[in-house]
Amino acid sequence: MTVKEIFDSMDYGPAPESAEDALAWIVDQGAKFGHFINGAFTETGKGFKSQNPANGETLATLTQATQSDVDAAVDAARKAQAKWQKLGGHGRARYLYAIARLLQKHSRLFAVLETLDNGKPIRESRDIDIPLVQRHFYYHAGMAQLMESELPDREAIGVCGQIIPWNFPLLMLAWKVAPALAMGNTVVLKPAEYTSLTALLFADICQQAGLPDGVVNIVTGDGAVGEMIVNHPGIDKIAFTGSTEVGRRIREATAGSGKSLTLELGGKSPYIVFDDADIDSAIEGLVDAIWFNQGQVCCAGSRLLVQEGIADRFHDRLKARMAGLRMGNPLDKCIDVGAVVDPVQLKTITDMVAANEAGEVYHAPIDMPVEGCFYPPTLITGLAPSDRLMQEEIFGPVLVSTTFRTPGEAVALANNTRYGLAATLWTENVNLALDIAPKLVAGVVWVNATNLFDAAAGFGGVRESGFGREGGWEGLSAYTKPKGKTRPLTTIEAFKGDKGPTDPLDRTAKMYIGGKQARPDGGYSANVYSRTGALLGQAPIANRKDIRNAVEAAHAASGWAKTTGHLRAQILYYIAENLSARADEFAARINALNGGRNGAKEVDTSIRRLFTYAAWADKYDGQAHGVPIRGVALAMKEPVGVIGAFCPDDLPLLGLVSVMAPAIAMGNRAVLIASEPFPLAATDFYQVLETSDVPAGVVNILTGAHGELAKPLASHLDVDAVWSFSSTDLARDIEKASAGNIKRTWVNNGQTRDWFGAAGEGRDFLQAATEVKNIWVPYGE
Amino acid sequence: MTSQTTTSDIHQLPQTLEPRNPGMALDLDWVRRVQANTSAIERRAATLPGRRSVKKDYQAAWLCRAIACIDLTTLAGDDTEGRVRRLCAKAKQPVRADILDALGMTGLTTGAVCVYHDMVPTAVDALQGSGIPVAAVSTGFPAGLSPFHLRVKEIEESVAAGAEEIDIVITRRHVLQGNWQALYDEMKAFREACGEAHVKAILATGELGTLRNVARASLVCMMAGADFIKTSTGKESVNATLPVSLVMIRAIREYFQATGYRVGYKPAGGISKAKDALVYLSLMKDELGNRWLEPDLFRFGASSLLGDIERQLEHHVTGSYSANYRHAMA
Chain A
1 MTVKEIFDSM DYGPAPESAE DALAWIVDQG AKFGHFINGA FTETGKGFKS
51 QNPANGETLA TLTQATQSDV DAAVDAARKA QAKWQKLGGH GRARYLYAIA
101 RLLQKHSRLF AVLETLDNGK PIRESRDIDI PLVQRHFYYH AGMAQLMESE
151 LPDREAIGVC GQIIPWNFPL LMLAWKVAPA LAMGNTVVLK PAEYTSLTAL
201 LFADICQQAG LPDGVVNIVT GDGAVGEMIV NHPGIDKIAF TGSTEVGRRI
251 REATAGSGKS LTLELGGKSP YIVFDDADID SAIEGLVDAI WFNQGQVCCA
301 GSRLLVQEGI ADRFHDRLKA RMAGLRMGNP LDKCIDVGAV VDPVQLKTIT
351 DMVAANEAGE VYHAPIDMPV EGCFYPPTLI TGLAPSDRLM QEEIFGPVLV
401 STTFRTPGEA VALANNTRYG LAATLWTENV NLALDIAPKL VAGVVWVNAT
451 NLFDAAAGFG GVRESGFGRE GGWEGLSAYT KPKGKTRPLT TIEAFKGDKG
501 PTDPLDRTAK MYIGGKQARP DGGYSANVYS RTGALLGQAP IANRKDIRNA
551 VEAAHAASGW AKTTGHLRAQ ILYYIAENLS ARADEFAARI NALNGGRNGA
601 KEVDTSIRRL FTYAAWADKY DGQAHGVPIR GVALAMKEPV GVIGAFCPDD
651 LPLLGLVSVM APAIAMGNRA VLIASEPFPL AATDFYQVLE TSDVPAGVVN
701 ILTGAHGELA KPLASHLDVD AVWSFSSTDL ARDIEKASAG NIKRTWVNNG
751 QTRDWFGAAG EGRDFLQAAT EVKNIWVPYG E
Chain B
1 MTSQTTTSDI HQLPQTLEPR NPGMALDLDW VRRVQANTSA IERRAATLPG
51 RRSVKKDYQA AWLCRAIACI DLTTLAGDDT EGRVRRLCAK AKQPVRADIL
101 DALGMTGLTT GAVCVYHDMV PTAVDALQGS GIPVAAVSTG FPAGLSPFHL
151 RVKEIEESVA AGAEEIDIVI TRRHVLQGNW QALYDEMKAF REACGEAHVK
201 AILATGELGT LRNVARASLV CMMAGADFIK TSTGKESVNA TLPVSLVMIR
251 AIREYFQATG YRVGYKPAGG ISKAKDALVY LSLMKDELGN RWLEPDLFRF
301 GASSLLGDIE RQLEHHVTGS YSANYRHAMA
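Residue numbers (the working numbering), protein chains in the order written: chain A, 1 to 781; chain B, 1 to 330.
If we strip away everything but chain A, and leave its shape as in the complex, we get:
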């Protein structure tokens, strides 16, 4: 076309970013890659091809890791770890800073390579992915520097196995590697097999930064390699980002292994538009929500909820906007939507949309490339929550839509999902925004914006979107553990006996469910004897139906989550007050139960503990993160929900109080399984609760065999977290059963805890009792 013809047509024309340097880098490496283990690239082995999804061309051949490769990587990481940790925060900060600088110096090379390998538009890799990668390393250089002063009680976990997805290859690497290294861990990372190239370029950068050998190890390959990492006994922690299905398998595979685990999984994030929103801006936001990275984004705003009064206008304008999207060569600087990562993914998207018979399907009427993995931006209106596409993650450029009538209905629709990763809401009414944001079940909420990310604000989900946060102060707990040594815990058996009761007047101990004393559903009780064999009474034997009832009662008490910290503090103090009034009786009971002489001390410590959490109830503050926008990211600490807890066996009162108090102080409802061998202090304790204004259902107490109850409690799909401090090692059962709804777990792995000391209370408990929700509120008029 001549200049004159273009002058008349005013078309955009091609604006390609050169691939030359990136391709030259690949050629320099021989276009064949081994793994990066112990500071060096290994010989290439049997492998697979890495392709450019935009044109199907092979970029390089990668090596499929074998078990011995993974062993070598883990071995190298293990050998390097102690020295890396000992280097200290400042020493590690220097390396992380160097990596950040090198990433910046080679930013365009990384961006182009990412686009070649993944198919995302160069605009995104250049302006979003790579800058965020750099930011993560800068930020965590700072965290390394501050670790000793700000996290004096935490230390590295050890060797981390990290498995990352193909949608943000280098960014997910950064999210995992930067905090791990900052906290003194070493890593074995497996990039996705579709998109390993920028990870290998990163390995190159690690060499240039002089990073000690073995601190970062990268092995390539498919899911089989991931399994080798997950099951490797030499790994202390697994961090996974990917599908909920695979995350669930990892949860099951690591159950009982003692490995710590964080999962960042799928989503079907709601995008709510109220009728007073800036409609054009909300529509532009959708471009960044669901057509960003071809919709292959775990937190994509994929479920549009529009208030009825503006729905038609909104959909019309949205369709007009979609017609203006430009799809094509991802290396073109004038492209909005690039290629889907692989033909397999393209087929998944195509099949899912083709199978849908509900609503109206609108494909953007835009020019599509003739070859390569491209799927048009798509809007499906008129769906109901019962339609499959409203519930299942498509992971493609497909937006589904329905309408709502009231703010309350918007929240109900938004939360009508198994997922809980992110949510977006648009309104010009600050009252509405700040009312709705806390009600949305999600780890991240964006107000009048979408897909904002920063290293300073934690990212991660709830429900089946996983657990753990990446970024911010809240992200560091995923890569640290409390300092201090623990000992193996031996199972504490109940005393046996054949004598009669010491007091012939019968007292019937019951369970405590929904504020009422409840007999066991099964109608069975167990005799409880003293050390000397005297019959102390009977404790009910709970079964799965009692668990069901207790969980239902706990849900009925959901209003507790909305009470003020001040009120919860008052109630905790009141419990302490009433316990204190009966201190002697409880002390005697404890001594009778466990045959010790520490009853008085246990009661006193229990009262102190109640005071501790009464104190914390209104002081475990959230944070306003310093994110680089004009606005705030409010890290709100929210209750986890319903927490099921197996109480410590050895301390019948202090153990129960130590798990109950932090749970309810933070607004959770608790289903507590009392000490198995010494249950009768717990059954006395509900009388204290009854006299202390604890609302019905906030605390529920069951008695019975921990081993029997672990599975029904941990597999209950309406329980949000399960803790175990039982002397029966329940870790495997609980972690495995928890995979059903990916609930959070906190288990002792058969190790002791000093309940009388500092380890018995404090921030670890508060953290386990809360989820951090980051609410991004850009502002400005």
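None of these hints come from the bench; they were simulated from the model. No experiment lies behind these values; they were computed from the predicted model shown. Accuracy of the hints is not assured; some may be wrong.
As the list claims (entries may be wrong) - With a straight-line cut-off of 25 Å between C-alpha atoms, the simulated PhoX-like cross-links for lysine-lysine are:
#1 Lys4(A) with Lys235(B)
#2 Lys235(B) with Lys333(A)
#3 Lys483(A) with Lys86(A)
#4 Lys273(B) with Lys333(A)
#5 Lys481(A) with Lys319(A)
Said to hold, decoys possible - Derived list of chain B stretches under chain A, where covered just means 3 residues or more per stretch with a C-beta under 8 Å from a C-beta of chain A:
#6 52 to 65
#7 140 to 147
From the three backbone atoms N, C-alpha and C, an ideal C-beta is built for every residue, glycine too.
Given chain A, work out where chain B should sit, using these hints.
Below, chain B without anything else, positioned relative to chain A:
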């Protein structure tokens, strides 16, 4: 902006078919419903330059289009007839002839020449036969606070003197006080005074306080019959910006969707780089479509922009970076 065919093959305006915005009754419900979320608008504006890119011949063609949309402007207290004649000569030959030849764009002119009332006869005379219309700033420009009847009279005199386009300034006070009826009445009176001449409503957005005010003022002026809405006089401390532009062109789009009438847009002040011009053109193209890339619906109010575009075009033709003195001054 009446249609006049120039002697060259570069037609200025395919404008004969575009019906003028007749305006409509003031719809206060609509005005008050309008929202503008500043931070979201700023994000869109900030990322736009990274989302769109035109290269090589496309860039040259787009820069030529930018020239065709320039209201080449002089609005200075020391303007003289001589100065205005020079400006008009530049409007007729905005780029060195050999460069235009090389581009195949011989005959390209700017969209209009924009002057104060006193200079209208000079400009009209200087542009005789060129097809380039003369625009006059009016109504007590730039503050717009002279007596109302004089402001109306000023329009009438400029039109009588041969101005085909009148750039009026609104009373900012009406916007800041939310007195939409007063703004509507004022604008309607100005439009009537213009007669056949097209009217551009200068909102002076740098003095309106909020983007929401910009959106509402844009809408009210269109309802009152503005042919164009324009950001600034060039005399405010903040002139045309991308966020303000986004708000105004979204208002234009909404007005078009509701009424079927296309209103033009003119960012003015502060646009001095060729790259900025490309961003503005892509903003218009993406938000409103190609129709709004024609000079009858889009103008740059600019004085120094042309110089930068000339250098870029010479670079395109020769491959060497250019120098100011190689291009004729206005």
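Okay, the hints, checked on the actual structure:
For the suggested pair Lys4(A) and Lys235(B), the alpha carbons sit about 35 Å apart, so the restraint of at most 25 Å is broken. As the CA atoms of Lys235(B) and Lys333(A) are separated by approximately 36 Å, the hinted pair breaks the 25 Å bound. Only pairs whose Cα atoms come within 25 Å are accepted, and Lys483(A) paired with Lys86(A) is accepted, the gap being roughly 14 Å. Using a Cα cut-off of 25 Å, the hinted pair Lys273(B) and Lys333(A) holds, with the two alpha carbons roughly 20 Å apart.
Among the hinted pairs, Lys481(A) with Lys319(A) is inconsistent with the structure: their alpha-carbon atoms are about 50 Å apart, more than 25 Å. Note: the segment 52 to 65 of chain B has 12 residues with beta-carbon separation from chain A under 8 Å; the three-residue rule is met and the coverage holds. Residues of the segment 140 to 147 of chain B with a Cβ under 8 Å from some Cβ of chain A number 0, which does not satisfy the need for three, so the listed coverage is violated.
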